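Chemist: In case you want the letters, here they are:
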Amino acid sequence: VTQGFGWSFYGFLLYAVVWVTGYLCWAHFKNRRERGDP
Amino acid sequence: LSGLSLTFIVVVAVYLAAVIAIGARASRETRTEADFLLAGRSIGPWVGGAVLAATQISAGTFVGTLGRHYSTGVSWVWAWPGLWLGWLISAIWIAPKLRRFGATTVPDYVAVRFASERARVLASVLIIVPYTIYLTAQYQAAGEIFAALFGAPPYLAMGFIIASTVIYTVSGGVRSSSRVDFLQALIMVTALVLAVPLLVSRAGGIGQVGETLSSLDGRLTGWWYGPRDLVAVSLAFGLSIAAAPYELTRFYSMRDVATVRTSIGVAFLFQGLIAASVMILGLSMRALFPAVASEDQASAVMALHVLSPLIGSLFLVALLSAIMSTCNSILLVVAASLSHDLYARFVRPEASDAERVLWGRVAIVVVSLLPVPFALAKYDSVQSIVLEQGKFIASFFFVPLVLGLNWRRGTATGAVASMLGGFVACAAWDFLDFGQGALKQAGVDAVEVGLLASAALFVAGSLLTPPPPQAALTPFFPPRRPIEPS
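Here the protein sequences line up with chains A and B, keeping their order. First residue of the first sequence? That's 6 in my numbering, and the numbers climb one at a time after it. First residue of the second sequence? That's -6 in my numbering, and the numbers climb one at a time after it.
Keep in mind that the hints were calculated from the coordinates and are not lab data. Keep in mind the model is a prediction, meaning the values are calculated, not measured. All C-beta atoms in this analysis are idealised placements derived from N, C-alpha and C, irrespective of residue type, glycine included. Some hints here could point you the wrong way.
Using C-beta positions, here's what the derived DEER-type ranges look like [what the hints assert, rightly or not]: (1) B:ASP249 - A:LEU18: 26 to 36 angstroms; (2) B:PRO460 - A:PHE34: 31 to 41 angstroms; (3) B:ALA464 - A:GLY41: 24 to 34 angstroms; (4) A:TYR20 - B:ARG18: 34 to 44 angstroms.
All chains should be modelled from the sequences, with the hints used to inform the complete structure.
Modeler: This is the structure:
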């Protein structure tokens, strides 16, 4: 039975998008807090 | 092949002209040691992120990782999250503190934090040795790839890589290599992103690739590697990148702490694109050519037989870029250790700025030539050398870095014992036989042994000696706010 790609493939693509977006948001807010902006 | 050869020569010529122009411009802006080794602390988030990514992405990614996906399918891609965890550790506990400290080299951190010139010398020597070996792997990779592609003798490819890298690194130091790294990261991403749709459509679409692969072997689209394998690889990659001096020194050259944090995010963006593209290319190659002789040849076969001459040439230039951007960072870090930490500190402390820059340049040329005989002799495979240096760096430097920056009690004795002990334990585990064979068989890796030894020695050595002087702690631990009287 051929099934094609599963979670290991699509899961990684999703993980990568969430990781990059999540990190950039964290960095943005951390930088803003350190600058002392409200 | 002739179509590719001709297009390749033209693309390489344009690329080299751009690289040399960047080097020439940066050399006019380089007068002091701070210009040469720190780009005047002017690097912004986009260039900074590209520098971090380009330094990390090497020949190993374009040949080794693509080949690994070719032979084992999807699951190898899960080594990236482990690597990213290493970057996250750096973003939280290492990089901002180092940038705030704002020195010139990584041994500067060791010398100031532990108030010990002995620790500086040890750190310098321990950086120089594995990195010179790492350079061997990059040269060897260049030699092998271009021998396989064009039948050129390996010394020709090495000579080309060395000459072009040394020109822009010597002329403008960190400033020119950062700008060149930015160009190289763009080339890498462009080549991969252009190659993906071409290859996937040749293979009949992504769904078709998946079906073809799962009919070959179910593990190719599922889990070839189990969690234990992936955790071990992640540990080696992640911890060694968090403590890699060739990445750490680049933080010093960035504008400020905020830039350091954002740069790591930009580096994630580049790496995510590269990781996904390299995976899809490897998988599509397997669906198209299920029987390439060895996994390391998959990317060469792709460039020669599947991609159009223009995209194939761009892919090869991206490969050259990956090698050069790793080489320039290694050269800079080794040369800075030699000129800034050893020569200007112990041989001629009275050396002027101009003299330090001159010696930095001389060191780059000398260090670039040292590994050539070893690369030509090919003592080991490229992937083994790359993995081995990563293990050494993580074993001797991860603990003194993370604990030193975050635990006030760490002392010089702890740091020296930790660096020496981690290095020796890692080497002994891999190269000596003292009855540890069964544990090695069971999967206990040299990096785990090195880290454990390094951590134990750091803590024990620090607790057995008096606390470090306050002056050594001030740059890394902001003074606590006084408690207001009620």
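Chemist: So, for every hint listed, does it hold in this structure?
Modeler: Verification of the hints:
1. B:ASP249 - A:LEU18: 26 to 36 angstroms: The hinted range 26 to 36 angstroms holds for ASP249 of chain B and LEU18 of chain A, with Cβ atoms some 33 angstroms apart.
2. B:PRO460 - A:PHE34: 31 to 41 angstroms: holds, 35 angstroms
3. B:ALA464 - A:GLY41: 24 to 34 angstroms: holds, 28 angstroms
4. A:TYR20 - B:ARG18: 34 to 44 angstroms: holds, 40 angstroms
This entry satisfies every hint, going by the numbered hints stated previously.
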